[in-house]
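Q: The chain contents come next:
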Amino acid sequence: MPGAIYAEGLVKTFGEVRALDGVDLDVPEGTVLGMLGPNGAGKTTAVRVLTTLLRPDRGRAEVAGIDVLAHPDRVRRAIGLSGQFAAVDEYLTGRENLTMVGQLYQMSGRDAKRRAGELLERFNLSDAADRTAKTYSGGMRRRLDLAAALVVSPPVMFMDEPTTGLDPRNRQALWEVIEELVAGGTTLLLTTQYLEEADRLAHDICVVDHGKVIARGTSDQLKARTGGERVEVVVHAAEHIPVAEAVLNGFGKGEGTIEPHTRKITVPVAGGAKLLAEIIRELDTRGVEIDDIGLRRPTLDDVFISLTGHVAEAADGSGESGADADGGTGGRQKKGRKATGPGEPAAVRETAGGGTADGDRGTADKEGVK
Amino acid sequence: MTTASQQAQPPAPVHSPRQRGGIGGSVRDSLVVGKRNLIRMMRIPEVVIFGLIQPIMFVVLFTYVFGGSILIPGAPSGNAQAYREFLMAGIFAQTVTFATAGAGAGIADDMHKGLIDRFRSLPMSRGAVLTGRTLADLVQTALTLVVLAVVALLIGWRTHENLAKVLAGFALLLLLGYAFSWIGALIGLSVRTPEAATSGGLIWLFPLTFISNAFVPVNGMPAVLQHVAEWNPFSATVAAARELFGNTNQHVPKSVTGAWPMEHPVVASVIWSLLIIAVFRTLAVRKYRSATA
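Residue numbers (UniProt numbering), protein chains in the order written: chain P, 1 to 370; chain D, 1 to 293.
Only chain D is shown next, with the shape it has when bound in the complex (with noise of 0.2 Å):
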């Protein structure tokens, strides 16, 4: 049964002596920052709270409100429970996707304040700011996905593969909040408010996780957003951790484009999280490079 993947630990400061530069300095850079955003989030436990607080609303919004007229095709009796697998997936995904926000409220926040600039100002690693917080996210991330697989599981939501491939599924998540944390990162950099962050790392996160696989299935959508919904990389994470709990549903067909990420979802969402990492995680640290608060 899922206790979800506490892959990420808190980093434990590494004492090395006068590493300089290089992979090593980077990473340890990297975990000292990492570290001071998680002291400041267990000062901080509201921010917690508040990010558990609505996927759980989430959860129980779209079970109950939602869950008894979404029909899943060819669902035996009853679908709430057949919609109650069908949805997980794609809530858990929504949910580390908001990790994006935080990530960006906490680094606009430390422009504003003048962090950035002493940080730039020390001897550190380029990137171990940025990498700093959002591993601390990730942590954040794990967390939530806990509580929200405990809350799931209250409510009836059950897994059908074995403890490995659960875990794989949460791991694959929270690759892909990751992932979104350097979109995050990125936001935070370019706007002058904490406020904008929030808004500006929030908005777009809509249409991106609802024109997708994850609430409903996409053979309802029109035609074009069906194949803008199998090609959304959010999906594939759907599909893939969908896969990956046993609960996808043989009357609901694992493309209806033939779209290949569809077909492969495990290794698309490998790529497409790879993908993101790789081209914000570049832009986030340039715009770092020349960050002037």
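Here chain P stands alone, though its shape is the one from the complex (with noise of 0.2 Å):
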């Protein structure tokens, strides 16, 4: 049985770029998949696709058990769409904005208008609801967006990067509208470059890169995928960085790296809490003074940089993504990725495109100890 959304290899080319390359989706209803990557990646053309906006060139799609190509206009009655722009008339009020939207879902004008009220009070812009949306913010031209798409309330939500552009508290805000929304039973698609955001709101991941999907499982499953803890010291003088090399290098079980202009050395572990006291004894012995001790564990971050090789924000399109991820341009952003050991990037790349996940041994935790 088919999830809520679901797509079998979706190919959409615009000229010379392929820019879905064969995407299989499969969303169970009422959960949330989170799409992950960088700009350019696909992931608002696979949007485009299940929401009817475009035709792919080859594959196929449902949602809401419904074949999105066979019958786009009774999939537009199913689904809400908050794209990546707010896509508000800006010369009309909220109230009025919302009272279209919801004609235009056929509703008839008494009921657009109650719904109108209700949506507007329920994301908290009664006060700003006759005025025109130009005067909104960034943050209620966005609610405003989302609650245009939830006129009907509809069982399967898109969502475009939804929070791009916003600042952390409004984030925040319509991170909890998004829970609630989907404590609801709604089933919804979010594409984002946040990793936070997906690691937050996402029971499953996908990640996506030129088309492709090449990683996807729980935030647990793919950190545990991306390799093990490791230990990031920071030392208080640069001539101290050799003796704490070679403290760490004897608890490690791998390569670290070293940032000079830091003074900070990271270097893979297994061993967790007990050995990083070790080590701070150890270091503590040979005189090395230090000003930051931690135990870290992998982000999401970390999954995205290890899969695709580029950051998730910057998406550089230098096509180097594949089996160099390990050997990498350089640079600060690549960090610790050096030496993540068995679970090493290419034998994650591997499975693009395949099951979940194996293992799960990851925890959430972002911030080791202090």
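Quick caveat, the hints were computed from the structure, so don't treat them as lab data. For clarity, every value in this text was computed on a predicted model and none was experimentally measured. Some hints here could point you the wrong way.
[Claimed, not checked] Calculated pairs, SDA-like style, for lysine to any residue (alpha carbon to alpha carbon, straight line, at most 25 Å):
{"#": "1", "chain 1": "D", "residue 1": "K287", "chain 2": "D", "residue 2": "L31"}
{"#": "2", "chain 1": "P", "residue 1": "K134", "chain 2": "D", "residue 2": "V47"}
{"#": "3", "chain 1": "D", "residue 1": "K287", "chain 2": "P", "residue 2": "F14"}
{"#": "4", "chain 1": "D", "residue 1": "K113", "chain 2": "P", "residue 2": "W175"}
{"#": "5", "chain 1": "P", "residue 1": "K134", "chain 2": "D", "residue 2": "E195"}
{"#": "6", "chain 1": "P", "residue 1": "K253", "chain 2": "P", "residue 2": "G271"}
{"#": "7", "chain 1": "D", "residue 1": "K113", "chain 2": "P", "residue 2": "N39"}
{"#": "8", "chain 1": "P", "residue 1": "K134", "chain 2": "D", "residue 2": "I277"}
{"#": "9", "chain 1": "D", "residue 1": "K113", "chain 2": "P", "residue 2": "Y194"}
{"#": "10", "chain 1": "P", "residue 1": "K134", "chain 2": "D", "residue 2": "T193"}
{"#": "11", "chain 1": "D", "residue 1": "K113", "chain 2": "P", "residue 2": "T13"}
{"#": "12", "chain 1": "P", "residue 1": "K134", "chain 2": "D", "residue 2": "K287"}
{"#": "13", "chain 1": "P", "residue 1": "K134", "chain 2": "D", "residue 2": "R40"}
{"#": "14", "chain 1": "D", "residue 1": "K113", "chain 2": "P", "residue 2": "R131"}
{"#": "15", "chain 1": "D", "residue 1": "K287", "chain 2": "P", "residue 2": "D67"}
{"#": "16", "chain 1": "D", "residue 1": "K113", "chain 2": "D", "residue 2": "R126"}
{"#": "17", "chain 1": "P", "residue 1": "K113", "chain 2": "D", "residue 2": "R43"}
{"#": "18", "chain 1": "D", "residue 1": "K287", "chain 2": "P", "residue 2": "A70"}
These two chains come separately, so use the hints to put the complex back together.
A: In structure tokens, the structure reads:
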């Protein structure tokens, strides 16, 4: 039984660019799929295909059990879309915007007005309801846009980078709204560049790059796959680096990295907090003064970098995200990625498009001991 | 006397419960979108006001700058009045074609801001976004014509037929304007920015409206242009409006080349406008279905 959002072998090319290169998706009803990827990875194209805005060259898709290509109009009745831009008419008031959308969902004028009132209330826009959207802040516009997508309480929602460009407070507020929505049973496909967002909201995550799904699994599974924990030490003085490095290599289970300008040494370890205590004692014995030390578990950022070879925000499109993920172009962004040990990226990539990651030993903690 | 036909009234919202698809649903969706565009126009009055200034400027410039030099054949003493009457139908017709730019820019703007995506993801009639826009433009065009007619009357333009015929003349002008707003809709969907839609919607209007019978009698043009001018769809409406306003002049022949549209301007005007609507509406709706922002 396919999920509420289901896609098989979606391909879409724009001229030379393969925006979608065989994407498969399956989102069980009532769950959230976080689609993670850099700019230009194909996230928006996937959303556009699933929301009937774009016909794929190949492949098939079902949303809420309805064939997207055969019955686009029936799909439109079952979905809500909140796109990358806040698609509201800025010369209409919040209330007028929502009423119009309600009427275009084929509600009667009276029902549409009543529903608009409810949504304005719920999204904390009642005070601004009769002002034109032009006067709204970015966060308010986003909320209005989201409200417009929810006019008919659709069973399936698509949100394309819903919090891009929002300040942290507004992002937090929007997350709460989304969580509430999902608690109510809505199936959601969410694209994002913010790993934190996927970590917090999504049940399952798929990482997309160059039009392909290159990994999928829960947040923990993906993190576990990226490799285990690491110890990071910042020494007080640059001359202590060689000694500290020797100490850390003694405890580590792989090659570490050094960032001289920040005096930071990172080394992969196995052994957790107990090991950390030993390292601190040893450094102390050897007279190394430290500014900071911590046990670091992989974040989705690490997952992302190891899988795609570049950071989420900076899509360089250099096409070297292949087996090169390990060698890399250097630079600070790749710190600590050189020595992830056995579960190195190349191996992870092999399973691209396949099932879920194995293993579930990671924890969601981002910060170790400080 | 002319108060110009306020044919299209601002569409009132229809409270019909859950019509789905079909003509009824399509009309209702178009009115919902039309109302939205009219609200926008009211909140950006600059656009309407600039839209008024341009034709008024043309009336004044043509009447007082060119009017003294353009000779209407056989006109009695002081030909300024003869030219004034000859000119107005042309100015009116040119004014309604400027609706093209408005429709184009509006739709390009909606594309640009992602609103077209929102509309396309809704279970609404496929043509309604464009129909709503063109209907709203029709209202604006009607308003412009009213103001322009008043200005024309003030500077001495007079009609010489009964009110019904005069209103019919304005109806034909509005129909032409509506047809041209569909050309604008297609342009708006085809270009990348609202700015491009505005200029793309205007440049070709100048040769189109000048190689016609709108501003000067065709008989002064080279033979080739005479043919072009007399078959120009735009000329048919100008000739029809001129006839219905009673602004024809016995010394200016209906047709120089014997072109059929000039011999039957009213019928020709209706046919041309409906043809333009049929062709460009089809193309625009098809483009809309596959539009990508």
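Q: Work down the list of hints and note, for each, if the structure agrees.
A: Structure-based check of all given hints:
| no. | hint | verdict |
| --- | --- | --- |
| 1 | D:K287 to D:L31 | 21 Å, holds |
| 2 | P:K134 to D:V47 | 17 Å, holds |
| 3 | D:K287 to P:F14 | 17 Å, holds |
| 4 | D:K113 to P:W175 | 24 Å, holds |
| 5 | P:K134 to D:E195 | 20 Å, holds |
| 6 | P:K253 to P:G271 | 10 Å, holds |
| 7 | D:K113 to P:N39 | 19 Å, holds |
| 8 | P:K134 to D:I277 | 34 Å, violated |
| 9 | D:K113 to P:Y194 | 23 Å, holds |
| 10 | P:K134 to D:T193 | 20 Å, holds |
| 11 | D:K113 to P:T13 | 24 Å, holds |
| 12 | P:K134 to D:K287 | 29 Å, violated |
| 13 | P:K134 to D:R40 | 12 Å, holds |
| 14 | D:K113 to P:R131 | 19 Å, holds |
| 15 | D:K287 to P:D67 | 23 Å, holds |
| 16 | D:K113 to D:R126 | 19 Å, holds |
| 17 | P:K113 to D:R43 | 21 Å, holds |
| 18 | D:K287 to P:A70 | 19 Å, holds |
Violated hints for the displayed structure, listed by number in ascending order: 8 and 12.
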